[in-house]
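*Asks:* Chains as they are written, first to last, in this note's numbering: chain H, 1 to 119; chain G, 120 to 235; chain F, 236 to 473.
Since the hints were derived computationally from the structure, they do not count as laboratory data. Just so you know, not all the hints are guaranteed correct.
[What the hints assert, rightly or not] Derived DEER-like restraints, expressed as beta-carbon distance ranges: (1) Trp-8/H to Thr-181/G: 42 to 50 Å; (2) Trp-134/G to Gly-89/H: 13 to 21 Å; (3) Asp-368/F to Phe-88/H: 18 to 26 Å; (4) Gly-48/H to Gln-466/F: 47 to 55 Å; (5) Arg-288/F to Pro-207/G: 41 to 49 Å.
Heads up, the beta-carbon is just placed ideally off N, CA and C, and yes, glycines get one too.
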Amino acid sequence: MKPPSPPWRSRNHPAYWAFVVHRLSGIALALFLPVHFWALGKALAGAGALQAFLTVTEAPLFRFGEWGLVVLLAAHLGGGLRLLLIEFGPWSGLRKDWIAIAAAGAVAAGLAFALALVR
Amino acid sequence: MTGDDILLQARLWWWQRTSAMALAFCVLVHLGVIIYAVHAGLSAASLLGRTRGNVVFGAFYTLFVLACAIHAPIGLMNVAREWLGWRPRPVGWLAAAFALAIVVLGLRAVYGVVVA
Amino acid sequence: MQSLLTARIWRGGSDGAFVTYEVPRQDSQTVLDVVTWVQRALDPTLAYRYACRVGMCGSCAMTVNGRARWTCRTHVERVAPHGILDIAPLANLPVIKDLTTDMADFFDKWTKAEGRFQGAATRRQDFARVAPDSRQRRAVDAAIECIGCGVCYASCDVVNWRPDFLGPAALNRAWTLVNDVRDIALRQRLRAVAGDAGCHSCHTQGSCTERCPKNLAPTSAIAGLKRVTAQAAMRRKL
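Please construct the entire structure, taking both the sequences and the accompanying hints into account.
*Replies:* Written as structure tokens, this is what we have:
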């Protein structure tokens with residue numbers, strides 16, 4: 001019989017949450033890639049075909065989805081830089097300061113994207 | 120576990136991390152491009168106006184696509200093994216297929232916005 | 236002060252259940268004191284492990300209110316301010332009975348990680364001279380104080396997801412030997428700790444580092460192994 005897994009309460013600490021965000025954002029971004037490329041590939045059929053698709057994405061739900069992806073991308077970037085620092089850098093410890101910086105970067109990217117939408 | 124497996128696994132880790140270093144740079148630039156493009160009002164004409172015939176743009180996004188094709192499938196392999204409990208061999212083949220799909224679709228998209 | 240504490244203690248094997256006991260509160264009471272009191276005053280069949288009672292032996296680790304801890308160094312008032320204690324065996328290890336786990340897998344993995352020093356010198360040779368401030372000696376110092384209590388192993392998700400995974404303690408041990416300039420088994424040790432059953436499956440969740448009662452950082456040790464082994468693999472020297 002498989003031994004009991006660690007209780008959920010034992011996972012409640014910043015580095016674990018950073019892992020959860022990194023993994024979930026990674027899954028979402030990986031699955032989004034083919035869709036993204038398929039959409040851009042519409043340019044092969046000319047500017048008209050691409051514009052037809054872009055017009056569809058002006059719906060609020062699409063915009064919200066795009067905003068979410070930008071936040072996830074920034075979070076994955078910040079979290080990933082922290083992992084590279086831990087794995088390749090001379091530091092010790094879990095670099096929780098970088099978790100905070102990554103979170104701030106994701107928020108900043110989200111705000112910048114939202115502001116760019118407002119013209 | 121054979122020695123070849125260990126060698127491959129260690130190398131996959133290495134490739135995922137080195138591609139991550141390239142992606143860190145690419146994503147930073149890409150976020151800037153996204154926010155600039157959206158701020159300028161996203162339209163096919165303005166987008167293609169900036170990208171068509173732009174060699175730097177094409178080279179950058181080719182590198183970006185290739186780094187994604189290395190980085191993402193290795194991450195998904197770990198997820199499939201650890202969270203879905205899939206066997207290593209089918210996971211390896213699926214990841215290879217996913218990598219190929221990203222290369223083909225990605226380079227097709229770059230070709231579409233830069234060359235076509 | 237003679238208030239009561241509610242202790243829910245795991246009884247039975249892995250298909251067991253929590254049984255509730257009322258235990259008198261005392262000043263400076265540790266979780267180990269609570270377990271011992273239950274065994275001596277209420278139920279002598281309660282099985283648990285301990286030896287030194289002062290945080291040296293590493294045998295009394297259990298899951299206390301959802302976290303792996305040394306019970307001897309955990310004060311009740313710190314973890315159970317509301318007077319309720321859940322005490323269970325360590326996770327990620329097969330339960331033998333009540334609070335005791337079978338730690339064979341845990342220690343077997345130290346062997347699998349080549350956690351044994353292998354030197355070339357004999358007793359007739361002079362002492363090896365290792366500069367205390369050298370990079371390698373400092374890496375050893377940072378990781379050497381492990382006493383094998385299993386808290387990190389019980390807190391690690393990767394151990395749970397990949398039963399082959401060697402775990403933080405065994406990899407931390409291997410890292411001390413990789414940095415031991417007297418050791419001659421580097422190459423076979425790097426092979427032993429590389430790949431998916433070794434360091435490359437660690438996702439830096441940091442639970443080992445967060446929970447280590449000795450404040451060691453197995454995450455950093457594993458990061459070192461990742462670098463060294465992957466570099467060796469890329470140079471065809473693994």
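*Asks:* Among the hints numbered above, which are violated by the structure, and what are their numbers in rising order?
*Replies:* none
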